[in-house]
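Peer 1: Chain residues, written in single-letter form:
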Amino acid sequence: MALTGIQIYKLLPQTNCKDCGFPTCLAFAMKLAAKQVELSSCPHVSEEAQAQLAESAAPPIRLVTLKANGHEVKAGNETVMFRHEKTFYHKTGLFVRVRDDEGPDAIKARVAPADAYAVNYVGMDLTLDGFAVESASNDPAQFEAAIAAVRSASQRPIILISRDPAVMAAGLKALDGESPLIYGADAANWEAMAALAGQHSAPLAVIGATLDELADLTQKIQGAGVEDMVLHPVATTLGASLALNTQIRRLALKKNFRPLGYPLIAFAGNDPVGETIAATQAIAKYAGFVVLDHFAPETVYSLLVLRENIYTDPQKPIQVQPGVYEINNPKPEDPVMVTTNFSITYFSVANEIEGAGLPGWLLVTDAEGMSVLTAWAAGKFDAERIAKAVKQFSIADKVSKKRIVLPGHVAVLSGELEEELPDWEVRVGPREAVDLPAFMKQAL
Amino acid sequence: MPVEIPKDTWTGAVREVTIGATAAEGGTRATTVTIGGATTMPFMHFEGSIPHRPVIAVEIVNHRPDDWSHLLLDAWGDAANDPAAWAKAAEQAGADLIQLSLNQTGADGNPITPESAVTATKAVLEASGLPLLVFAPGQAELDNELLVPIAEATKGERIVLGIAEDKNYRTIVAAALANDHLVSARTAMDVNLAKQLNILIGDMGLPLDRVIMDPTTGALGYGIEYGYSVMERLRLAALQGDAMTQLPMLVTAGYETWKTKEAKVGEGVPQEWGDWTARAINWEVVTAVALLESGADIVVLRHPESIARVRAAIDELMAVPAAG
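Quick note, the sequences are listed as chains G and Z, same order.
For the first sequence, the residue numbers in this note's numbering are 1 to 444.
For the second sequence, the residue numbers in this note's numbering are 1 to 324.
In isolation and in its complexed conformation, chain Z is listed as follows (with noise of 0.2 angstroms):
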């Protein structure tokens, strides 16, 4: 019997935020990535246009991160003791856009300066050609002495500062607006946060598509259920025709993964919880695809593995079936 394939009809759209500029752009990437403009919940192509990929970020820190896992250490080797490097590996590796994390503390263990972050910024724009992504430590009043030169000395790349949340976005969000920057702007696993600060960055005259929501997330077992229907609501909130939440969304799957016991402790863990390496890679990936499913546009990942599979499962979820 013919069955009606039943399609929720839908007045609003996701804002496209352009992230990175060209030499023609004003800037020296030499690809940009799009992301946003979808017009349905993630992956129904069968009743709206989903004209851009949801895009992996690969993050990197500015100096060899000693807190991160040995498991991702190993996997990125040499790379990791210089952000430069680590940035051609991660292009390598697949990653649609770096993410440079800036650590509280320099390599010499001293705080980190103005001077090293601009530095460390500009090896990595000069060593990859992919949008740029920095994220300050997430100290307030650091953050701003950090990410203002940088916004300065990068003038028109188009790069995404983070990380603007309610009690510092003034100051991110002049410097991306006096330098053709965009912002990242995190809220915690709320949607009327999300909103709230959406207008506030709105209202100092930051056009919304140089804006990425970040409703953060927690990982797999620590509370993904929380991010997970957040998103879902702030998508589906979009897609009703509600402006202040039409922005793409960026979760740091990777982050919050390699925070958890599961992915950073080898030793001394139940015998149940398997294989260390393949379940912490795991737990990355079954974060971020859920996260996906749910209707992130950027998933910042760690490890290479996880962003090898990950990508493969964008593929399989942009693959637009044949009409019927």
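Bound conformation, chain G alone (with noise of 0.2 angstroms):
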């Protein structure tokens, strides 16, 4: 059971030394209690108090890593069931599956060009991050080639998905080094999986379809040595998944329950239009990894954008980078406004000029990620800054007419910016984004 700030402060040396970097040992220990620092900053722990706090200062939920050739995947250490509590922390790993029975080039020709996918989205370049190989033949060999040429087009993480040991080892011992994700071992072959799990330092996938079930395998398999593993909690529908993720994460998270204290990875299904569904709820509600069947740009690239969504950290706005913004191929001639880099205030500027096919620059100031009404009232959004950024990003050099519009619920600035901006026109312009069509019809 998890410990408060007071019962493992008892077990720290008490001495408010500061070599954890705290002022007080109680403030480390309020620290661990949340699970924010790691016990080894403190230096002075006796090996008693160690193996009392070890209990506790595990995350309730396993860091599980797949790496392969510089390139890692991270699933667990998350503390919250909603992400408005805190924040949701290891974004969930996006595989693609192929099976050896489809032969060397066609999983070549399937895997390059989603190897090679990255799209962007406000500033960034998301991409999927692996591969799932099937052994569809059963046979080693066949299970080798295909990993070979998954290997030939893409050297990002595995998940080796067989049940037969003879089969895994093979596909192993073709990624010696790395560190697949070993899918997976059940109630018929866990001893064997487990000690080729024991062998590469793999982490390990448990499959099982009841939460008892899978608490069985893993104490077995934790029982073996394999500390690393994964749950695939298997399920028909949507709403049977739903509720065993959400179950294993509240069992892990409030109860601290270890043997359900894993990552969770789940399939997504064979049929492309289930599947965009099952992702999407895969990603909302607590998997790790989610294993897709089909590469289609149109669907990874919703997935990817929601997984990003999902797992913004709530107190950290995203932002857009300040700076002039074309819309519509504008002209010289055509209308400058102003607003926010805050990713919303922005997007739903930039939206409404864009849908309504009107020519524009957009001047998105560096409010620290504000909305419009929040930056004012906090300074980030003044006469000053936007005379700045005017400035700063040569706006006057690219607009035949020097008229700036101002969103409406700062007309109070106009004023100011007049004064900062002397041979500039100073326009207000509507409150809301929805409104801003109709006044560049009418008013520019």
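Simulated from the structure, these hints should not be mistaken for laboratory data.
Where hints are given, some of them may not hold.
Cross-link-like lysine-lysine pairs, in silico, DSSO-like; alpha carbons within 30 angstroms at most [stated by the list, open to error]: (1) 316/G x 88/Z; (2) 402/G x 167/Z; (3) 122/Z x 380/G; (4) 261/Z x 254/G; (5) 380/G x 195/Z; (6) 441/G x 195/Z.
Among chain Z residues calculated to face chain G with C-beta under 8 angstroms, some are [stated by the list, open to error]: (7) 43; (8) 46; (9) 141; (10) 142; (11) 233; (12) 282; (13) 309; (14) 311.
Even for Gly, the Cβ is constructed at its ideal location relative to N, Cα and C.
Using the supplied hints, reconstruct the complex from the two chains, each of which is provided in its own coordinate frame.
Peer 2: This is the structure in structure tokens:
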């Protein structure tokens, strides 16, 4: 069971030596209780206390890492059920599955574009995380050939799929030096699979249809010396899968129930339509890894964006780069509108203008990621900052008419802005982005 | 080893709200739709009761919306030329509810008149037996001018009138009160704003089982995480017993999606975005499913294919697994 800050404090040296970086042992104890620091930051803790604290210090959901050729995908170490309670930490790893009976050429042809895929979203390049290779043939040689085909097109981490230990051994040999995920162990094969996981220091996926079955297996496998596990609660409907994922996460986080304190893997199914929906749920509701059967840019793009959105830290808004954004290929005579660099603010404004098909220059100021009203109230969006952005991004060189439109919510700034930008005409636009197209048509 | 299933204990429940009235109840609807009533978080059948499934409202417009993506107009075909035909098509496509959006301008390009808005509403009521939501253009004064005569002309139908916002809820709520209708209360992605508007509406004497709240959302990629978390927080508060959050939630997933470049634009976009039609539908479906997972009771959609996919997802989410 997790210890409270006070209980942990009693086990610490209580010298307030500050070697851990915190002013007092109590402060450090509180951080430990919140699982925000590692016990190893304290150089003076006794061995006895260490043993007692180890249980408490271990994260309730074990961090599992798949490694290959400089790529890593991590899952686990999550601390909350709902993202608003703090944040979700390790973005769901997205994998595309190939089967060894497709043949090496077909595999290569499917893997290469998926591996190269990168899509830009608010200035970030989003990519897939790796590939799952399944032995459909149950032939070790064919499995190895399929893995070699994947490796000829991608260096990303791999999930190996076979329930046959002999086939899995061949797969692991082919990926010597990597940490692929072994999928997986069930009631029939767990001993041999656990032995393989131990030999190759690779994490092991555990397959079961009920919580009882999964907890049974993880305890046996842990007894065999394997620590890094991933759970696959097998369910046939979205509802059943949601219930199992939620129950496992709750047991780990709220009850500190070690046998289910591992990240989850989900298979999104082989129907392309259902796959998108299943993956949507898996990303939102607790899967650490999701395996897709298809690679289609229009699907992967939506899932990568969803993952980005769900895993955004609610306390750190996504920002867009300050600068001048050209919307619908504006000409020098087109209007200049100003807004803040909070991503939602930017998108609301840019979308309305773009959607209406009206050309314009959108000047995005650095308001530290706040929306117009919040930034104004916090002093991060004032005449001085707007004038600074006008100069910094040399917008005057791009337009023939020096006319700038302020968001209606900060109409109060217009006088000051006229003083800051004496050769500009300052206009006050609508308060809401949705009214911008009408304003642009009528007033500009 | 036997593992005890961890159940949260909740003291509150979402209010049940019934939309539409049959002839016996003073309206003309063939069926009514009841939402809400849940005593647990979305689809947690193992720990509470979820008496009513989330439903799909299909958005139609009083005349052909030329500002809509042609992907949508092509999918609806000629039905989009006429709200009555469109309502029928929406019903066939799997709608549980019809949401009639009133465009600011009429078919002739002139501003919409109260008479034409009433005519369109009545035409939809005649064409389809499904319960109806009528959403005015979202301009306080105009909305009042349109919704009051609509409410009067359809007295007893238990239509959901929208959109009640802090700046113009009074007239709309009064019209709902006087004519046995409901309101949809919209606030901007904030728990406290939502509660405040619900209190104000309740203070006017409208029973809260005639109020649906629309906490607003962004589409996938455009702020969905804010809507998603506000909905989770509202639903958690409701289950913890906060009466002013215990209203079913409506989200306009279709409207938000079809504003995005990903759905609207087919040319001159990055190749990585993939096939346009498939992407646009994905965008609407992913947005809707994520918001169902966070507590939506009504999702308003636009594309017929999205309706089918989201309906299939709701079916699976509502299939109560065998005990154990």
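Peer 1: None of the hints should be skipped; say for each whether it holds.
Peer 2: Structure-based check of all given hints:
1. 316/G x 88/Z: violated (46 angstroms)
2. 402/G x 167/Z: violated (35 angstroms)
3. 122/Z x 380/G: violated (51 angstroms)
4. 261/Z x 254/G: violated (41 angstroms)
5. 380/G x 195/Z: holds (29 angstroms)
6. 441/G x 195/Z: violated (36 angstroms)
7. 43: Check passed: Cβ of residue 43/Z comes within 5 angstroms of chain G, closer than 8 angstroms.
8. 46: With a minimum Cβ separation of about 5 angstroms from chain G (threshold 8 angstroms), the hint on residue 46/Z holds.
9. 141: violated (14 angstroms)
10. 142: violated (13 angstroms)
11. 233: Given a least distance of 6 angstroms, the restraint on residue 233/Z holds.
12. 282: Holds. Min distance 4 angstroms.
13. 309: holds (6 angstroms)
14. 311: Violated. Min distance 11 angstroms.
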